[in-house]
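Going down the list, the protein sequences come from chains Y, U, G and V. Note that the first sequence covers residues 1 to 342 in my numbering. Note that the second sequence covers residues 1 to 342 in my numbering. Note that the third sequence covers residues 1 to 342 in my numbering. Note that the fourth sequence covers residues 1 to 342 in my numbering.
Derived from the structure by calculation, the hints contain no laboratory data. One thing to keep in mind: the hints can contain errors.
Identical chains blur together in the list; that is why a pair holds if it fits in one copy or across any two.
[Stated by the list, open to error] Only pairs whose alpha carbons sit at most 30 Å apart, straight line, appear in this in silico DSSO-like list of lysine-lysine:
1) K264 to K70
2) K97 to K152
3) K70 to K309
4) K264 to K331
5) K152 to K205
6) K264 to K77
7) K264 to K206
8) K309 to K27
9) K152 to K27
10) K27 to K122
11) K152 to K264
12) K331 to K206
13) K70 to K331
14) K199 to K309
15) K122 to K152
16) K27 to K97
17) K309 to K264
18) K331 to K199
Predicted model, so just to flag it, every value in this text is computed and none were measured.
Okay, here's what each chain looks like letter by letter:
Number of protein chains: 4
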Amino acid sequence: MLIVMQSHATEEQIRAVCARIESLGLKAHPIPGSLRTAIGITGNQGSLDLGVLESMSGVVECIPVSKPYKLVSRDAKEEDTVLRIPTPSGDVLVGGKHIALVAGPCAVETEDQCMTVGAQLKATGVRLFRGGAYKPRTSPYSFQGLGEEGLKILAKVRDAYGFGIITEAIDNESLALVEDYADVIQIGARNMQNFSLLKRAGRAKKPVLLKRGMSATLDEFLMAAEYILSEGNYNVMLCERGVRTFSDFSRNTLDLAVVPAVQKRSHLPILVDPSHGTGKRNKVLPLSRAAVAVGANGLLVEVHHDPEKALSDGMQSILPEEFAELTVEVKQVANVLHRIVN
Amino acid sequence: MLIVMQSHATEEQIRAVCARIESLGLKAHPIPGSLRTAIGITGNQGSLDLGVLESMSGVVECIPVSKPYKLVSRDAKEEDTVLRIPTPSGDVLVGGKHIALVAGPCAVETEDQCMTVGAQLKATGVRLFRGGAYKPRTSPYSFQGLGEEGLKILAKVRDAYGFGIITEAIDNESLALVEDYADVIQIGARNMQNFSLLKRAGRAKKPVLLKRGMSATLDEFLMAAEYILSEGNYNVMLCERGVRTFSDFSRNTLDLAVVPAVQKRSHLPILVDPSHGTGKRNKVLPLSRAAVAVGANGLLVEVHHDPEKALSDGMQSILPEEFAELTVEVKQVANVLHRIVN
Amino acid sequence: MLIVMQSHATEEQIRAVCARIESLGLKAHPIPGSLRTAIGITGNQGSLDLGVLESMSGVVECIPVSKPYKLVSRDAKEEDTVLRIPTPSGDVLVGGKHIALVAGPCAVETEDQCMTVGAQLKATGVRLFRGGAYKPRTSPYSFQGLGEEGLKILAKVRDAYGFGIITEAIDNESLALVEDYADVIQIGARNMQNFSLLKRAGRAKKPVLLKRGMSATLDEFLMAAEYILSEGNYNVMLCERGVRTFSDFSRNTLDLAVVPAVQKRSHLPILVDPSHGTGKRNKVLPLSRAAVAVGANGLLVEVHHDPEKALSDGMQSILPEEFAELTVEVKQVANVLHRIVN
Amino acid sequence: MLIVMQSHATEEQIRAVCARIESLGLKAHPIPGSLRTAIGITGNQGSLDLGVLESMSGVVECIPVSKPYKLVSRDAKEEDTVLRIPTPSGDVLVGGKHIALVAGPCAVETEDQCMTVGAQLKATGVRLFRGGAYKPRTSPYSFQGLGEEGLKILAKVRDAYGFGIITEAIDNESLALVEDYADVIQIGARNMQNFSLLKRAGRAKKPVLLKRGMSATLDEFLMAAEYILSEGNYNVMLCERGVRTFSDFSRNTLDLAVVPAVQKRSHLPILVDPSHGTGKRNKVLPLSRAAVAVGANGLLVEVHHDPEKALSDGMQSILPEEFAELTVEVKQVANVLHRIVN
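Modelling step: build the complete structure from the supplied sequences, incorporating the hints.
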């Protein structure tokens with residue numbers, strides 16, 4: 001923390017701020033400048049909220065310096081974390097040089113639907129299957145998902161095609177079920193700061209895919225992951241899915257620069273969801289190429305064999321044959337970066 | 001829903017879109033223009049996701065027309081809802097001409113702290129007391145609240161001073177306890193789209209104060225309230241607490257225009273939280289005056305008798321004597337609007 | 001500027017950064033912490049762009065500390081600036097305790113229109129009249145203003161009713177004309193960082209009203225004013241007119257907290273434009289009350305005697321009789337703050 | 001335009017709105033729904049501001065339907081525009097399958113600097129050189145550019161290395177000079193809605209590169225280009241350079257989805273500036289790959305041979321050898337899309 005004093009702050013005011021800092025068990029480092037004095041603070045372990053010093057007389061501003069995350073940081077672990085997702089057809093690696101593709105419908109609607117999409121996806125070579133059994137919907141009158149019945153359908157898809165299964169949990173009850181039935185537990189954007197759910201996920205035995213909240217800063221995103229690691233679960237992958245801005249031509253603004261920014265600060269893998277990130281079917285392919293080109297460790301893509309009849313998000317779902325084409329192109333882009341897909 | 005066709009869309013494309021609409025059991029109304037044709041759709045009860053028509057050939061865009069909320073809407077109930085919050089010293093009214101002030105510390109820290117603030121607040125005439133027993137904190141290493149012990153302290157404050165108690169629930173477990181101990185259940189900004197929690201609050205026997213999410217649109221805010229009403233709990237008040245924007249001089253950007261916007265569309269009361277809305281102690285008083293001037297039905301203000309020692313949010317907490325001054329000024333502003341405070 | 005080093009930065013890296021700083025003629029102040037070292041820099045007069053140090057090895061981040069504005073700052077002048085706008089009926093004061101109301105149509109359309117609105121506004125007691133002769137419009141096919149002919153009409157309105165005239169200049173050519181015909185030169189939001197125009201306004205003999213850009217931070221806003229003062233024109237008033245955010249129910253998000261924020265940092269007066277700030281006629285009155293309640297030094301309101309026939313911005317213009325009501329209410333709110341309207 | 005009526009709007013109110021529409025010379029198309037009536041409007045040539053109908057009694061909302069741009073639209077010209085930039089070493093093509101790379105320092109500082117960078121860039125094969133002689137800087141105390149002297153240096157760089165020259169104009173005076181000395185006239189983000197400058201650029205004889213404003217919607221961006229085309233200059237290329245959001249880890253948020261969005265609506269080429277788009281040197285390479293992967297028609301990259309001594313934007317400038325590496329990688333990515341670089 002750095003305290004910036006007013007240009008006309010008195011010696012006494014500066015001394016008072018230093019005394020307060022020392023009284024908190026910290027060390028004050030005054031830095032007299034030509035215009036004003038600043039005071040550096042060291043010794044804070046992160047538990048003290050020093051912003052309050054801003055209200056002392058003579059103080060202009062308190063500027064936080066140290067980042068609050070620890071376990072997710074490259075300070076804690078320098079090399080990339082590579083997750084192993086166990087599937088009936090062997091482990092899928094995510095992180096470092098390994099790019100994972102995840103595909104499937106937005107919502108699990110019927111066994112038929114999932115089996116049909118599953119069969120078509122199997123042919124594309126994809127090894128991780130996604131589909132929502134618990135759907136957080138803006139309206140209470142929209143389809144809310146099949147619940148445990150949906151999880152059972154997903155388990156059948158795994159048995160039939162050898163996929164690893166990724167599906168979302170929305171509260172502690174559903175998380176316990178998802179932990180039983182699925183291979184990766186997804187925490188959605190709307191729950192990125194549902195700290196009760198994050199702690200529960202931190203005690204789960206399965207890897208977690210954590211989506212960035214719609215207006216989460218990078219620090220908040222990493223701190224949300226820190227909640228999971230701090231409870232003992234180190235198998236976390238992050239996912240950018242677009243943030244909310246004034247820009248109105250797409251559902252969200254996909255913030256691809258977050259990928260190298262995460263990779264600079266953290267050892268955790270980061271995927272990109274171009275389906276929610278754009279909300280438009282015709283932007284999924286170009287943004288998928290871009291996500292791999294920027295260095296993402298994977299893609300999460302909504303695929304439906306009949307998008308116009310989808311119970312949710314049909315507008316952003318692509319067809320299995322479009323996903324096959326996408327797979328070919330992102331592999332070519334991955335080659336440029338010497339990365340391995342799946 | 002309105003479908004806008006390309007200027008060079010063919011007759012056949014237009015017919016195909018109309019046929020698809022009719023096949024869904026809806027009615028299509030083509031409107032031929034000089035440049036292009038648009039197609040109005042009627043008959044949708046809100047359950048069909050028509051955005052998918054955007055991918056049909058010849059279509060430029062799908063524009064939603066009807067709003068999806070029902071029970072919260074003035075279409076459902078024209079007159080203002082006035083909530084009655086029962087307190088040991090009689091009901092407090094919120095809504096219509098009645099403005100409610102709510103004050104107290106960000107977090108319940110100790111019985112001493114709450115009793116001290118409570119005594120000082122009692123003297124200002126305020127009748128609703130707030131304080132967090134469950135604290136959603138960005139960092140897992142920050143103070144997370146006292147939990148049920150905190151709720152017991154709040155109950156003692158009520159007994160001692162006759163306040164009604166407002167406190168936050170963060171998951172289904174804490175909601176059950178809050179329902180027992182408190183008078184109003186608060187759902188925080190980070191949980192505005194925690195639909196599992198909203199449904200549970202909709203089955204609670206106590207009124208609910210629902211805060212706007214950091215990047216929630218007006219429609220999403222009203223739809224979150226709709227979740228609560230749709231489960232049977234009609235005692236809901238909303239609360240604007242600032243949204244996230246590029247603007248970096250305050251913690252959030254307080255969006256006061258949302259107050260008349262909500263009041264135009266919905267019968268529910270809407271309060272303003274100038275403490276979180278600005279994150280700066282010196283802005284709480286001016287923004288409190290502004291909130292009442294714009295027509296808010298109440299204020300939620302963080303007050304601490306020793307903000308520099310507060311375990312959270314000390315930076316935005318004001319002193320009890322500052323709150324007393326605030327009370328005087330907002331009452332004068334309320335007079336201009338012929339509103340009654342508390 | 002503060003340089004934050006990596007936790008595992010070597011002594012050598014720290015020495016290299018300090019050496020670079022000293023080689024630039026500045027002073028380096030290393031602050032060793034428990035986790036990492038930070039390095040304070042003093043002696044920079046604002047001309048060196050130190051962000052580049054961020055690319056030195058071992059550096060995490062460069063954090064700017066000193067604010068770059070000088071003449072607009074309270075460091076340069078502690079007491080409030082009170083502007084005097086000369087009008088045929090005597091000076092109008094703006095700033096400090098003095099609140100100025102400015103009203104008139106968005107665009108000067110015809111002499112008739114301006115005279116009609118002018119007569120009706122005269123009756124409300126307002127003393128400053130606004131109206132655009134040069135209109136920056138999103139579309140090249142929209143009405144672009146009457147140009148010099150419009151300025152002549154405004155001069156007639158001044159002669160007829162004794163108003164001071166405020167009107168916008170959009171380039172160096174129009175600024176020279178506005179300087180001749182009007183009493184206050186307005187620089188619009190879209191030109192807030194048209195530095196060529198700001199410099200020209202800095203050499204003008206008339207006061208300047210500078211509107212905040214749609215996505216301008218507070219620092220950028222104050223720096224834009226600094227451009228005008230740095231050329232010698234100290235008669236500047238600022239104006240908040242809403243910023244662009246994700247929030248979609250109003251045209252812009254009126255950021256009222258900027259008023260106390262400006263007043264803390266700068267001695268210049270700041271007004272609020274609730275018409276552009278909301279873009280909706282029914283929000284002008286409540287937001288006008290709120291603006292005065294938050295402490296604004298004035299209001300800029302669009303008034304048209306026949307808004308539905310207005311050539312621009314009819315949607316946000318109120319009627320003269322509505323403005324009369326607004327005047328009454330804001331005077332009552334101003335009383336609460338012991339401020340004087342006009 | 002579509003007018004949405006309240007659910008309890010009376011027949012009379014609906015008739016009044018229709019009558020008003022017809023009185024404006026337009027055609028009203030009432031669409032009775034189960035909940036409410038909507039009214040479509042046809043016949044508007046874009047000059048009437050119909051938003052004002054929103055204030056008629058019984059009206060909920062006015063929803064614009066037709067897009068206001070014409071000449072830039074694919075409705076006006078279906079095939080991609082391919083610009084030819086004449087250079088001493090032959091035309092450079094931009095648009096369609098042709099990707100153009102533009103590189104050079106942020107600011108022209110000295111002849112030596114430009115010649116040194118120029119020589120190193122020549123070796124990478126790049127054919128378009130950028131450098132600012134007029135610099136729009138946030139602070140009046142920062143380096144403002146060399147003006148005409150800078151343009152003369154750029155002309156020497158062209159003569160020495162055969163580059164085409166792109167440089168920014170900031171007002172009508174500088175535009176006349178840039179038109180004389182350079183090959184492409186750049187309009188910067190801060191001037192995207194400087195309509196006076198856009199009109200002047202529309203009368204220029206040279207191609208124009210128009211950057212997206214920091215908070216410009218897609219429609220505003222295309223309308224700004226429409227200003228240039230409407231004055232007769234059809235040689236316009238667009239450039240995404242990042243928008244302003246809450247996201248604080250990079251200077252701006254690069255909105256890559258705008259590339260396919262522009263290409264769907266307009267025939268004009270669109271480039272990407274990853275230097276301003278991220279503001280960080282280490283993000284330029286990954287975002288350059290991503291920009292080409294998403295389908296951009298070119299890149300604008302800041303390159304400086306000694307970034308730590310750059311007079312502006314050193315923080316986001318890369319070295320010539322880094323640019324050489326970038327060139328290799330983006331060519332590989334371009335191959336995936338069957339595009340030709342330069």
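Status of each hint after checking the structure:
1. Taking the shortest alpha-carbon separations for K264 and K70, only the intra-copy value of 14 Å comes in at or below 30 Å, while the best inter-copy value is 36 Å.
2. With identical chains, the CA atoms of K97 and K152 are never at most 30 Å apart, being 33 Å at best within one copy and 48 Å at best between copies.
3. Taking CA atoms no more than 30 Å apart as the test, K70 paired with K309 passes between copies only; the shortest distance there is 25 Å, against 45 Å inside one copy.
4. Within a single copy, K264 and K331 get their C-alpha atoms as close as 24 Å, and across copies as close as 25 Å, so both meet the 30 Å cut-off.
5. For the homomeric pair K152 and K205, the shortest alpha-carbon distance inside one copy (19 Å) is at most 30 Å, but the shortest distance between copies (35 Å) is not.
6. Proximity of K264 and K77 under a CA criterion of 30 Å is satisfied intra-copy only: 12 Å inside one chain copy versus 44 Å between copies.
7. For a Cα distance limit of 30 Å, the shortest separation of K264 from K206 inside one copy, 26 Å, qualifies, whereas the shortest one across copies, 42 Å, does not.
8. Taking the closest pair of Cα atoms, K309 and K27 come within 30 Å of each other only across two copies (18 Å); inside a single copy the shortest separation is 64 Å, beyond that limit.
9. Proximity of K152 to K27 under the C-alpha cut-off of 30 Å is found in neither arrangement, the shortest distances being 57 Å within a copy and 37 Å between copies.
10. In this assembly of identical chains, the alpha carbons of K27 and K122 never lie at most 30 Å apart, being 60 Å within a copy and 39 Å across copies at closest.
11. When the C-alpha separation of K152 and K264 is checked against a cutoff of 30 Å, the pair qualifies neither within a copy, at 39 Å, nor between copies, at 41 Å.
12. Taking the shortest Cα distances, K331 and K206 sit within 30 Å of each other inside one copy (28 Å), while across copies they are farther apart (41 Å).
13. Neither within a single protomer nor between protomers do K70 and K331 lie at most 30 Å apart by alpha-carbon distance, with minima of 34 Å and 39 Å respectively.
14. With identical chains, the CA atoms of K199 and K309 are at most 30 Å apart between copies only, with a shortest distance of 27 Å across copies and 37 Å within one.
15. Proximity of K122 and K152 under a CA criterion of 30 Å is satisfied intra-copy only: 19 Å inside one chain copy versus 56 Å between copies.
16. Taking the shortest Cα distances, K27 and K97 never come within 30 Å of each other, neither inside one copy (43 Å) nor across copies (43 Å).
17. For the homomeric pair K309 and K264, the shortest alpha-carbon distance between copies (25 Å) is at most 30 Å, but the shortest distance inside one copy (42 Å) is not.
18. Taking CA atoms no more than 30 Å apart as the test, K331 paired with K199 passes in neither setting, with 36 Å inside one copy and 44 Å between copies.
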